[in-house]
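Novice: Each chain is listed here by its residues.
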Amino acid sequence: MAGPPAGRPGRDKRRQRLEILLFVTPALVLMALFVVYPVVSAVRMSFFRWKGFGPLVDFVGLRNYVSVLTDSVFTDAVMHNFTIVFASILVQLPLGLALALLLNRRIRARGLLRTIIFVPYVLAEVIAGVVWFQLLQPRTGVIETVLSSVGIPVPEQGFLGTPDLALATVFVVLTWKYLGLAVLLFLAGLQGVPDELSEAAQLDGASWWQIQRRIAIPLIAPTIRTWIFLSMIGSLQLFDMVWILTGGGPANATTTMATYLVNQGTQRGNFGIAGAASVILFLIGFVMAIAYQFFVLRRDTKAER
Amino acid sequence: MLCSAVVVGVTACGGGGGSESEAGDNTITWWHNSNNEPGRGFYEQAAKDFEADNPGVNIEVQAMAHQDMVDKLEAAFQSGDVPDIYMERGGGELADHVEAGLVRDLSEDAAEEIEKLGGSVSGWQVDGKTYALPFSVGVVGFWYNKELFAQAGIEEPPTTMDELGEVVATLKGAGITPISVGAGDKWPAAHYWYYTALRSCPQDVLEDAVTSLDFSDACFVEAGEALEQLLSTQPFNPGFLTTPAQEGATSASGLLATEQVAMELQGHWEPGVMQGLTENGQGLGEKTGWFPFPEIEGGDGDPAAQLGGGDAWAVAEDAPDAAVDFVKYLLSDEVQQGFAENDMGLPTNPAASDSVSDPALAELLAVRDAAPYVQLYFDTAFGASVGGAMNDAVALLFAGQGSPEDIVKATQQAAEQER
Numbered sequence: 001m002a003g004p005p006a007g008r009p010g011r012d013k014r015r016q017r018l019e020i021l022l023f024v025t026p027a028l029v030l031m032a033l034f035v036v037y038p039v040v041s042a043v044r045m046s047f048f049r050w051k052g053f054g055p056l057v058d059f060v061g062l063r064n065y066v067s068v069l070t071d072s073v074f075t076d077a078v079m080h081n082f083t084i085v086f087a088s089i090l091v092q093l094p095l096g097l098a099l100a101l102l103l104n105r106r107i108r109a110r111g112l113l114r115t116i117i118f119v120p121y122v123l124a125e126v127i128a129g130v131v132w133f134q135l136l137q138p139r140t141g142v143i144e145t146v147l148s149s150v151g152i153p154v155p156e157q158g159f160l161g162t163p164d165l166a167l168a169t170v171f172v173v174l175t176w177k178y179l180g181l182a183v184l185l186f187l188a189g190l191q192g193v194p195d196e197l198s199e200a201a202q203l204d205g206a207s208w209w210q211i212q213r214r215i216a217i218p219l220i221a222p223t224i225r226t227w228i229f230l231s232m233i234g235s236l237q238l239f240d241m242v243w244i245l246t247g248g249g250p251a252n253a254t255t256t257m258a259t260y261l262v263n264q265g266t267q268r269g270n271f272g273i274a275g276a277a278s279v280i281l282f283l284i285g286f287v288m289a290i291a292y293q294f295f296v297l298r299r300d301t302k303a304e305r
Numbered sequence: 001m002l003c004s005a006v007v008v009g010v011t012a013c014g015g016g017g018g019s020e021s022e023a024g025d026n027t028i029t030w031w032h033n034s035n036n037e038p039g040r041g042f043y044e045q046a047a048k049d050f051e052a053d054n055p056g057v058n059i060e061v062q063a064m065a066h067q068d069m070v071d072k073l074e075a076a077f078q079s080g081d082v083p084d085i086y087m088e089r090g091g092g093e094l095a096d097h098v099e100a101g102l103v104r105d106l107s108e109d110a111a112e113e114i115e116k117l118g119g120s121v122s123g124w125q126v127d128g129k130t131y132a133l134p135f136s137v138g139v140v141g142f143w144y145n146k147e148l149f150a151q152a153g154i155e156e157p158p159t160t161m162d163e164l165g166e167v168v169a170t171l172k173g174a175g176i177t178p179i180s181v182g183a184g185d186k187w188p189a190a191h192y193w194y195y196t197a198l199r200s201c202p203q204d205v206l207e208d209a210v211t212s213l214d215f216s217d218a219c220f221v222e223a224g225e226a227l228e229q230l231l232s233t234q235p236f237n238p239g240f241l242t243t244p245a246q247e248g249a250t251s252a253s254g255l256l257a258t259e260q261v262a263m264e265l266q267g268h269w270e271p272g273v274m275q276g277l278t279e280n281g282q283g284l285g286e287k288t289g290w291f292p293f294p295e296i297e298g299g300d301g302d303p304a305a306q307l308g309g310g311d312a313w314a315v316a317e318d319a320p321d322a323a324v325d326f327v328k329y330l331l332s333d334e335v336q337q338g339f340a341e342n343d344m345g346l347p348t349n350p351a352a353s354d355s356v357s358d359p360a361l362a363e364l365l366a367v368r369d370a371a372p373y374v375q376l377y378f379d380t381a382f383g384a385s386v387g388g389a390m391n392d393a394v395a396l397l398f399a400g401q402g403s404p405e406d407i408v409k410a411t412q413q414a415a416e417q418e419r
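Residue numbers (the numbering used here), protein chains in the order written: chain A, 1 to 305; chain B, 1 to 419.
Please keep in mind that the hints were generated in silico from the structure rather than gathered at the bench.
Please note: incorrect hints may appear among the correct ones.
Covered, in the sense of this in silico footprint (three residues per stretch, anywhere, with C-beta under 8 Å from a C-beta of chain B), are these stretches of chain A [to be verified]:
{"id": "1", "stretch": "78 to 90"}
{"id": "2", "stretch": "134 to 144"}
{"id": "3", "stretch": "214 to 224"}
{"id": "4", "stretch": "246 to 256"}
{"id": "5", "stretch": "266 to 277"}
The structure displayed is predicted, hence computed values, not measured ones.
For glycine and all other residues, C-beta sits at the position ideal for the given N, C-alpha and C.
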């Protein structure tokens, strides 16, 4: 075990710093070019009326922010995002946990089941969206054909075309897509639960469910809290699936903050308004992330100390 | 600024000042979207012929797929480095480009051609000046399946909205879905309102609205009411609110091409789109029929007026003069006739009208030429911002969540923001 050659520590340190600088510079340049610069120009853009070409000259102050915040399409979009955030926690969390606990037992075809649940997550979102769009075609799509054949009534305009059902339908597809991630994370957490604990509990006569409830679930709580965080941020930025399935329609029933800003920017040429919407989206995400960090995740970091 | 101080003796100042001298660089860049044969080859030959007649001029042709061209153009406008000759769709888009000082005024340089093209240039005029020469202008109308119409016992295509209602009822009675509409993309739905407005409003009211952005005339609400009446007959394909316009077999155009519906309101590009959506590449083929948007009984609009739009060649502000000459050449009898013979579009030069070979397109061309005026698609005419708000509001009416008044209100509101 030969360590680094002794002597001349000053020069080594300097060399190390140079190396760090050398290796980090490309990443920093890319970050500045493709992250920092666009963010700064989006903020700047949000104070101008700008159509996408020519110089930024038409300064409008906070007017873009006022039009975004007073636009019912945007405020509805915020509601849709939060609906998805809470629906994910209320539905995907228990479902994912139940599946993870089940798949953690020694049951038959466990590997196959794990794969089936995880595959949707691996699939590109665009591809999954296109496939579901076809499956959900009114009348001719597989889903309506199957439902009708067993006598379940289907909506006149299809699941995606009915304003009252569209968001719920999108959520079902999202759940199908992202349940695999929850299960994977929870399973990984469960691997870390020492077998001795459940064996001891078993000797004391605890049932399977008692062991899960008193030992396994509390021990993977940090994993669950991390998943909630990821799910929350993902739901706030929701775009791809909605864009492909409904484009934000019908009647804006599935518009999210992200589809709103893309629509305003690239389709209507209101780049200032899109900039303002993106700043608001960023702030909402930022505040929620900080709050979650402060009130929920802090417990985890403390516990580890 | 520094540049002008040392300009004497220095020719390489850059920045695209448009200061090409007589003997200077006469290279012209030209972007077009005819990237399939025969169009691509035809345009290459046109460029070569022009170069032969104009020694010293060099044309760099770039043929791209349509969407690629649109994307590249958008980037070009942002950077201010626009190709010398490019495609303009007119209306509010063009007005923005003019305002940013990117487009050359052709009113005087091409006065003769503008005279010849007549009314079709109006979509490419801003404040009385012409900024681009339209080479293909089509109109929107109903494309229908002649066989399905016959099967339902319909002998004549409808000419009034009431007759359209009857046709819808007859088709439904025969178990045929009457109309497909790609309301998921919004503009195909909006075309219905544009047309009901065209049939409800007199020409001067519409022309005035395009410049003043004032929609207070009662006819705009009447347009929505006429549309509501059509919607109440439930003529559209199931799930039309999320149906895309022309991507895939389950899109509105795909449904017409695969004979799932009897008709669709669409632009002159429809036969080409349908060909791309069928396995044999024929679209509806012989069964393709076309009829203009019906009249609204009691409407103040001209029943012969048509809704349409097209593509025009524009010249960048800093392009060499030879670019103007080339655009004029592209609109000449000779090039336009070849353009029509190759089915590349609907020629605007009257001398080429007889050269269109496709029977449905020839019918459409006759209707266009007989029209007292062709109204540019409202969303193009008003620009993306106002037009987008208008399209969204029409889509809400289709979804049963808006009123005729709401369309006018949303449009007016977006227009206020433009001022």
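Novice: Just pull the numbers of the violated hints for me, sorted ascending.
Specialist: Per hint list: 1, 3 violated.
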